[in-house]
Every structure is written in C-alpha cells, then in structure tokens.
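Sequence order for the protein chains is A and B.
Here my numbering runs 1174 ahead of the position in the first sequence, where the first position is 1.
Here my numbering runs 4 ahead of the position in the second sequence, where the first position is 1.
Bear in mind the hints are in silico, worked out from the structure with no lab data behind them.
Keep in mind the model is a prediction, meaning the values are calculated, not measured.
Treat the hints with caution; some may be incorrect.
Short derived list, chain A residues pointing at chain B, Cβ under 7 Å [what the hints assert, rightly or not]:
(1) G1221
(2) G1316
(3) I1356
(4) D1359
(5) R1368
Ideal Cβ positions, reconstructed from N, Cα and C, are used throughout, including at glycine.
What follows is the residue order along each chain.
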Amino acid sequence: MSRAADRRDWSGLFFVLPFLTAYVVILIYPLLRGMALSLQQVDLFGGGRFIGLENYARLFADDVFIRSVLNTFALALMIVPLLTVIALALALALNRATRGAAVFRGIFFSSSVLSVTIVTLIWRFVLAPDAGLLGETAQALGAEPIPFLSHPTWSLWALAITTIWWSIGLPMMLFLAGLQQIPGDIYEAAALDRASRWTTFWRVTLPGLRRTLVLVIMLQTAAQLQIFGQAQLLTGGGPGGATRTMVLFIFESAFARWELGYATAAAEILFLLIVLITLTQYATTMRGSEDDGGR
Amino acid sequence: MASLELSNIRKAYGATPVLDDVSLSMEAREFVAFLGPSGSGKSTLLRIIAGLETLDAGEVHLEGRRIDQLPPGDRGVAMVFQHYALYPHMTVEENMSFGLRNARVPREEIASRVAEAARVLEIEQHLAKKPGQLSGGQRQRVAIGRAIVKQPKLFLLDEPLSNLDAALRMRTRVELAQLRQRVDAGVIMVTHDQAEAMTLADRIVVMHDRRIQQVGPPMEIYSRPANSFVARFVGSPAMTLAPAEPVPGDGAYARVRLGDGTEVETRVPRAGLPATGPLQLGLRPESVTVGGADGGVTTATVELVERLGDRTLVYTRLADGLEVIAEDEGNSRLQMGETVRLSINGAATHLFDADGRGYHAEARPE
C-alpha cells in the first residue's frame, strides 16, 4: 500500500476519536473493571484481594441467588409475551387516522413517561388487598380479595401487571410504526384475493411486522431481565424472597452487605445471560429472512 | 351480452364530487381503456368496479349480476395494481396461488393454473423467488400472473405500464396485446398515456372533469372528437384550435375565416352548425402543410422546427399571432425565423362551437 493511502486510512480515525474516547472511558473501561472486580473480594474498607473464581463458586451455591435468577426468568416469561401481544393488539386497534385513535394512542403511551416510583405507588393503591381498588371491589362483591402483595405467586403477577402497564407505550409505538410501513395496496390485493380478516392478519400483517416483532421481543427481554425498581418498591423482594430479582440481589449485595466483588460477579452473570439470550433470539428469528426486504 | 354495465354512478369525497352520473356498457371480451388526465376520476371508477371504493349512487353489473354490493373478492374481477402490490414475504408461486387457496380451489387445480400462467408469462424459473429478488418487469409479470390464475370475468389494470422504463414499456405493451387474445375476459385499463390506449384498446373512454367525454374506437376518438377537450387531449402534438368566424354563403359545407383573414372551406355540413356564435377551427398538424401545390393559403413565420425523421413538425405563427403546427417532409430544410406559405386541407379540419361540441366532415361514402 502506498504511503498516501496509508495516511487516508488513518485520518478517518481522527474523526471518530471523540466518540471513541467517550465509549472507551464510560463503557469499555467499566466493563473490564467490572470483570476484574468480580474476581476480587472487595468491601467498603480499602482495596480488593484477588480470589479467582471464588465469587462465582459462591454464587452458584447460593440459594438466594439461584432463586433470584429463577424469579427473573419467571417474570420475563410472564411479562414479555403478554406485553408483546397486548401492544400489538393496541397498535392494530389504534392504527387509524381518526381523532379518537390519536387520543387513545396518547393515553396508552402516557404511562411510559411516569417514573417507577409513581407507577408502583399507583399499583399499590390498586393491588393492596385491604384498602386497594381490587381488594375493595372484591369485598363489595363478597369475594375474598386476592393477596397480590403477600402471596409468593400472586406477588410475581403483581410485578408483571405493573410492569406491563408501565411499559406498554414503546412497543405499541414500534408496532404502529411497523404497521405504517406496510403499503395499503397489499391489503387491497388481499381483499381481491378473498383473504378473510384472519388470513390477512396472519399472511400479510404479521409477516410485514416480523422485524418489529423481533425488535420488540429482544428489547423487552433485555429490559425485563434487568427488572429492579418495581420489585424494590412494590414488594421489596418479598414475601420471603419470592420476588427478589437478579438486579435486586445485586443491589442488596453491593449496597446493603457491601460485598462489591460478589455483587459484581452476579452482575457479570446477568450480563452474560442477556447477551446469550438476545443473540439466540436474533439468530433464530432472523434466519432465512434476508430476502424479504423488497416488494 | 354486455359484460360490464355501469349505470349512473356518482361518487364524492366529502364535498368534492369525483364522478358525476357515469354510465358505460362493455361488450364481452372487450378491451376498454379509461383515458384522462390526473384527477379525471378514471382511477376512482376502476376502484369502484373492483370494490375498493364505495359508490354514492348507481349500479355495477357484471355479466348480468349486480356486484356493487359485493366484497372485492366475490365480484369475479382481478386487478393489476400500479405498484404491483405483491406480497413481499411470499414466493412468486405463493403470490399467485394465494387467492385460489382462499377460494378453496383444489390443490391440483391451483398447481396446474399457476404452472400454465408461469409458462405463458415466462416466469417459470422465478417461481421460488420472492418479489424482492425480481426486476420491475418480472414483478409486473407476477402481478399479471396473479390476476390470470383467478380466471376472472374482468381484468382491471391500473396504469400497468407506468412504472416500467421506455423499452420495457413497449415490450410489455405488445405482451398485453397478445395476452388479451388468450384470456376469455374483458379488460379495463386505466391510463393517462394516449399511445397505450390507442394501441391496446378496442374502445377508449375519455374522461375529464368527473364525466365521460367520449366513448369510441381509437380512430373515431382521434378523427371525430366529441368536443374540444377530447380533440386537444388525444393526439400528439395537440390539435390547434383557432378562433374562426363563419362566412355566410349557400354551399352545403361551412366556410370559416381565421383571425388573419384566411378563409378555409371545410367539409362540415353547414346545416348542423349553430346559427350564430363563435366557432373554433380544429387543425391537426397533418392537415396543415408547408408550401403545397397551390402555393398555400396563408403566410406564417417559423418559430421552431422538430425533426422526427419520417416527418418534420413546424411550429409557426400566423400574422394575427395564432400558433399553428404544420407538417413538412422528413428532409425539410426549413429554418427558424423563415417565412413560409401554409396549405390547409379543409376536408381534414374540425369545427367546435362555443360549448366545445365538435362537428366533423361527413363520413366519406364507402
């Protein structure tokens, strides 16, 4: 290669340097630092002591940690499919140019702008068995109120419902954007092809939304595996650790028991799980769909 | 038996009328072109026949059956969309068989119809591909194939050639002409391209301003335009409409005087013309020639010369400022700015009254 070409190649780097610096300092460095930290025993006083993989070994033997992993997966499995289906249904219902649809789009999106504190406060009022909306309604009907915040299974559902209500806005908007991308004349062709509404949905709409669907599921899975605020504020991980999620476990280890190395090791496992799961999702859903792009 | 019968169709979008009392009758296996400028209502009319738009008043009958109340899929029509509207995630074969599967046609029947259509359209090697892997012309064929396999009573083509490049458009035009020989159904094609309409259609329906202006075979539309809109819209370059005054006389045919004093003896019977009121003389380029045996009837200045090879179009201006397009031989040596003598073939001229209605030379006895 000539010297001129050599210089051109490297001059490009100069332009991305500002971004690269920030990227390295606030992402790559902490990532590596975290990995290093997970191999140490660190507490509040003084530096760490290298202990190899001992933190990881302890984690895999820690029933509280294992329980938190299972809780997190259970929550993701409860939230992601329901959230996806509801968001898609809402988008299909509100994908029209009427004033009413615009108002409802705004209403359904509005919950997303609330902070997790307010969301959990609202849902405490709804779910509390003795004084909440659902509890009072149940009592008025003469039924036993569901112990949403004190029963191990129901409290997971309480977290799931709160989360779905809170995060429905973004996936709905993504689906709406996806629906707008499907050209109208394809629906007209389907009408002339005698396709029923159901056939049209399965054979025209859903394939047209494939990329959006994959995106929503991947984003939501990654987000819900990191569920934290709702668990911390609504149930505090209880009853008896039934709703302790992985991030809550990490938080408690780091900032309640000050076992920084131990908490970081748990965080590394969470990171690895999210990467593995989203990559698997991407690989399985995107296979053989490269040529769907054109019309 | 009439294939398609449109009676008194009206349609408005809100307060804007788009179709006003449109009626039309199509013969069996007829190829009809809806020709008109944008906004003339031709596409709306096609979509009403397809069932993609509702009508406000009127009825649509296809082979004796009233279809305007039926959903699009039950009408016995197939449509080729302007942008093809192929299903992007289905293969060519699935695209073509989708409608048949929805109609519960037996599997073997579907296979044979798709195979036959693919053979006719020469897309057999593309059956397993998806639309995204095909060129524009190939997609067009798939869209036509999807219509053919349904064996409809009527094909609806919405500007079928407008998305193709010039060379492909000519080829596809020929193919459409061949195709219509093979299918046992009527065809309606919407177009704003008069050459397409002239070459393909048995009859042309010229639409403008929410109404049908004229219905007739291509040559009739060209040589006997019903009104000044049709006269100007069909034919390229457009017919010149020259303000003209009737010259009193007692001959059988009308005689008119142009603004520069030139008198033209037409072949339009004097009897049918309105007694009073201004007229317009319609001159197609081929009825005005440069020079000529008699030395011409008037003088004009050449403003632009268009050499088309086989003939030359000469844009001239008469003494009174009227622009007239004349024709000269292919090897014309005329230059811009030259003064020339023009001959007008009165037998090939047309007259239009104040309302734009056309009057034409008597049909020559055969």
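Please check whether D1359/A passes as an interface residue: C-beta within 7 Å of a C-beta belonging to chain B. 4 Å, holds
Cut-off 7 Å, beta-carbon criterion: hint that G1316/A touches chain B: 49 Å, violated
Interface hint status, G1221/A versus chain B (Cβ within 7 Å): With a minimum Cβ separation of about 58 Å from chain B (threshold 7 Å), the hint on G1221/A is violated.
Should the interface hint for R1368/A be scored as holding, given a Cβ-Cβ cut-off of 7 Å against chain B? For R1368/A, the interface hint holds, since the closest Cβ of chain B sits about 3 Å away, which is under 7 Å.
Taking 7 Å as the limit, does the beta-carbon of I1356/A come near enough to a beta-carbon in chain B? 9 Å, violated
Hint compliance for this structure: hints 1, 2 and 3 are not met, and every other hint is.
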